[in-house]
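2 protein chains.
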Amino acid sequence: GRPPGHVPRRRHVRALPRGRRRCCTACSPAPSPLTAALCPGQGTRDHPPAQTALRDRLLSAVVSCFKRHGAAAIDTPVLELRETLMGKYGEDTKLIYELQDQGGELLALRYDLTVPFARYLAMNKVTNMKRYHVAKVYRRDNPATTRGRYREFYQCDFDIAGQFDPMIPDAECLKIVHEILSDLQLGDFIIKVNDRRILNGVFAVCGVPESKFIPACSTVDKLDKVPWEEVRSEMVGEKGLSPEAADRIGEYVQLHGGLDLIERLLQDPKLSQNKLAKEGLGDMKLLFEYLTLFGITEKISFDLSLARGLDYYTGVIFEAVLLHQENEHVEEAVSVGSVAGGGRYDGLVGMFDPKGRKVPCVGVSIGIERIFSILEQRLEASGEKLRTTETQVLVATPQKHLLPARLKLISELWDAGIKAEMLYKKDPKLLKQLQYCEDTGIPLAAIVGEQELADRVVKLRDVATREQVDIPREKLIDEIRRRLEP
Amino acid sequence: GRPPGHVPRRRHVRALPRGRRRCCTACSPAPSPLTAALCPGQGTRDHPPAQTALRDRLLSAVVSCFKRHGAAAIDTPVLELRETLMGKYGEDTKLIYELQDQGGELLALRYDLTVPFARYLAMNKVTNMKRYHVAKVYRRDNPATTRGRYREFYQCDFDIAGQFDPMIPDAECLKIVHEILSDLQLGDFIIKVNDRRILNGVFAVCGVPESKFIPACSTVDKLDKVPWEEVRSEMVGEKGLSPEAADRIGEYVQLHGGLDLIERLLQDPKLSQNKLAKEGLGDMKLLFEYLTLFGITEKISFDLSLARGLDYYTGVIFEAVLLHQENEHVEEAVSVGSVAGGGRYDGLVGMFDPKGRKVPCVGVSIGIERIFSILEQRLEASGEKLRTTETQVLVATPQKHLLPARLKLISELWDAGIKAEMLYKKDPKLLKQLQYCEDTGIPLAAIVGEQELADRVVKLRDVATREQVDIPREKLIDEIRRRLEP
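The listed protein sequences derive, respectively, from chains A and B.
Just so you know, my numbering puts 254 at position 254 of the first sequence, and the rest follows in order with no gaps.
Here my numbering = 1-based position in the second sequence + 486.
Each hint should be verified, as a subset may be incorrect.
Covered stretches of chain A, going by a simulated chain B footprint (3 or more residues, C-beta under 8 Å) [what the hints assert, rightly or not]:
hint	region
1	378-392
2	477-484
Okay, the calculated beta carbon distance ranges per label pair [as the list claims (entries may be wrong)]:
hint	chain 1	residue 1	chain 2	residue 2	range
3	A	Glu474	B	Arg873	33 to 41 Å
4	A	Gly103	B	Lys844	32 to 40 Å
5	B	Gly693	A	Lys94	56 to 64 Å
6	A	Ser242	B	Lys886	43 to 51 Å
7	B	Glu749	A	Asp427	53 to 61 Å
8	B	Val549	A	Asp427	48 to 56 Å
9	B	Pro840	A	Gln468	20 to 28 Å
10	A	Val226	B	Asp956	55 to 63 Å
I should point out that these hints are in silico values taken from the structure, not numbers from a laboratory.
Even for Gly, the Cβ is constructed at its ideal location relative to N, Cα and C.
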């Protein structure tokens, strides 16, 4: 197909048939060609309040898991020096957004949160850190918005940096993926696990020269999308491996299982002779031991076809995928790929250190946009309406000329920390005010009319039951607090 | 001086004297010239955990005020089409970061959150909305990091869009500024208020031609930094106003006061004849009435020198400044300018609508980076240490070969929603584990040794008091929850 990023300029306007103009799949058809200019850039989108509320709920579930595991938050700039990002992403380097040279430094938008984290560690000489970072990253990829793939999207990363005993932090990363996917009730899932050292060992014993490990790796990575025959022909054709080597690789990379498979491969006459593979298999065995103690091996699959695209992984790698399931509520299920992934990258920090000092790291990234697509579709199907505000009380008046009374009362509520709104009209009709409560889910209305002012009370109305009682003005705030208690 | 943005390339490396290399004021001196490349871009910065924790606390105070006033959150992309941003910021347009043309659309980084909000309203045909947005914006300005001025920084915006009765939403924006600055205990402050219509009326009655209103406005805006004489000479010199016009303007723009001043100007023989000024003064009087009901006029100053830089304001404008105060804890006070500002912009949405339909808007932006600088300096001076994690329990073992016991117990705690950590070592010393609690502020340690395992108990230790008791394993989670209750 077309190389990613090579989109003819202003295609989103020209390519549209007459009468049905829209900028991109993210925005609705617009009546005038002029409005096309209003669209946010291709592959990006606005989040209206309902989506933002859902996304905030999702992000806070992820963040609370990261905090449960003792991570601290850091923040790094969206703008990185170009040279910081170059040579870290293999083929995907062409997907980096570069800023125009307007004088000053040459800048680019961050492509992920991992490389900035490694830069941060090296620059600050931090050798030991457990951090999370939830922020947007940028990729000039071909957007596939229906599958939750955008050019601007959130990443939720948790990483453990430091020299520790083997597989303890790695096991915690997998536990985190398990906790998050279980918490969010996304349905059945499996976490595939492999190790770059095992893969490299496989390539070595199958007769692949070391210079071709990385290309072979990126070809193996396609096994979850295309059948072995296609992968084999790419290996022999594009990547220049011998047919015999490809066939030998094929025997290994189609294996998956659990502890039994690890034991079998540890006995494998060829693989057990390879130092890298032996190390990787030994650690994989240890990892499974720890995951057994965590009680999560049921969802873990040691899968030799898992390779992961990025160059910087050096040890354990993993990827969580949702298993297909029938969903009675959703007519057409969102097709999603992996919803979480990560691995060990022991060499990346050293690339930024002038003396090459290494800081071993392992981390996980939650594919929040894909999960968001699923939850959004599920919410839509359920017909449930998410509140977009948290307003507790609407301050209302039943007669004219009472704006001062409303302003005075609402100011008292705000100062007491109560979430309150009023309509921005001098003399709104009471019905309109109550309708606003029902439309936006405000549970209480505090009504001040002439009689209430004279009696020094406020009529407190429960919007759902329509019950209302007079509350002495000085007791109003306590009464509202009491009613809003969970 | 040098025009903003024209920074010679790689100046941050070359300009450094030998032996004391650092990339920018944000990062510490580095021992090797190589590490200069590790610095984030000029005028941007990393936030380490302690700063991120402080900033999160600050942002959540601001957001909770916005929510108290019934605002919904939206999110728009950092990348906007270049044409969306052009022609909205007057002279400051040159400070917009543009992306390189890599094929596809011509993009730029957003300069503020107001223009994207107006684009959002027009594109989605929203005519009525109260929203907040907390996000980063980008300006290729000369950074002044000690004064909290960066090239990448957070904005916290609250805006009310819609056709309403005059001054009700405007008054709420001022109430919000008052609440936030009071809540954050930043010391004494004043909120200056003016109206673009009054300023334009002043220019008109002083004999300034309409084409010079905007240039005159941006000159008046400098009155808070330079004396009147300098402003006057810029008006006459650069802006080409007549000396008589400038002198007449000078008489007005040096006025400030309250209701009394409004009344006086309403009686002003010249100003009261100008339609715009009369409208503006009438609304200003109404605004003061509402602010009196909110009880906040004490902090409000009607100040004719306030002009605000941006072109898009059409009515009320305001700006909050902290008043100088002696601070016994801080040796050298951070010099900050305005900490909040905003105003009414009734024409901006219409610029994005193909039929020019207007949606009146008023909004406020909290200058979070400046406030952050103050709070950071205050925290440093106080010596208080902010916790960067929320971990409640450290799972520890007192003897060797007990890693499985730790993994099993911590997994139970995580599954119960308790925030727990353990050291990533097979056999850490108990002292090291307890030291870690003290260093990072973890209040409890759950210790499992051989004896505890045999007795089916866990030793729960209060890190501060050093008291420890055996808790039956099945009661541990309840006991931890009980102890952590606020």
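A quick look at each hint next to the structure:
Interface restraint, the region 378-392 of chain A with chain B: holds (4 residues with C-beta to C-beta distance below 8 Å; minimum three). Here's how the region 477-484 of chain A fares: 0 of its residues keep a CB closer than 8 Å to some CB of chain B, so the rule of at least three is not met and the hint is violated. The hinted range of 33 to 41 Å is satisfied by glutamate 474/A and arginine 873/B, whose Cβ atoms lie roughly 39 Å apart. At roughly 38 Å, the beta carbons of glycine 103/A and lysine 844/B sit within the given window of 32 to 40 Å.
Roughly 60 Å separates the CB atoms of glycine 693/B and lysine 94/A, a value that falls within the hinted 56 to 64 Å. Distance hint check for serine 242/A and lysine 886/B: the Cβ-Cβ separation is about 50 Å, which falls inside the suggested range of 43 to 51 Å. Distance hint check for glutamate 749/B and aspartate 427/A: the Cβ-Cβ separation is about 26 Å, which falls outside the suggested range of 53 to 61 Å. Our hint of 48 to 56 Å for valine 549/B and aspartate 427/A is violated, since their Cβ atoms are close to 32 Å apart.
The hint said 20 to 28 Å for the Cβ distance between proline 840/B and glutamine 468/A, and at roughly 46 Å that hint is violated. Range check, valine 226/A to aspartate 956/B: Cβ separation about 58 Å, and the 55 to 63 Å hint holds.
Consistency with the previously given hints fails for numbers 2, 7, 8, 9, ordered from lowest to highest.
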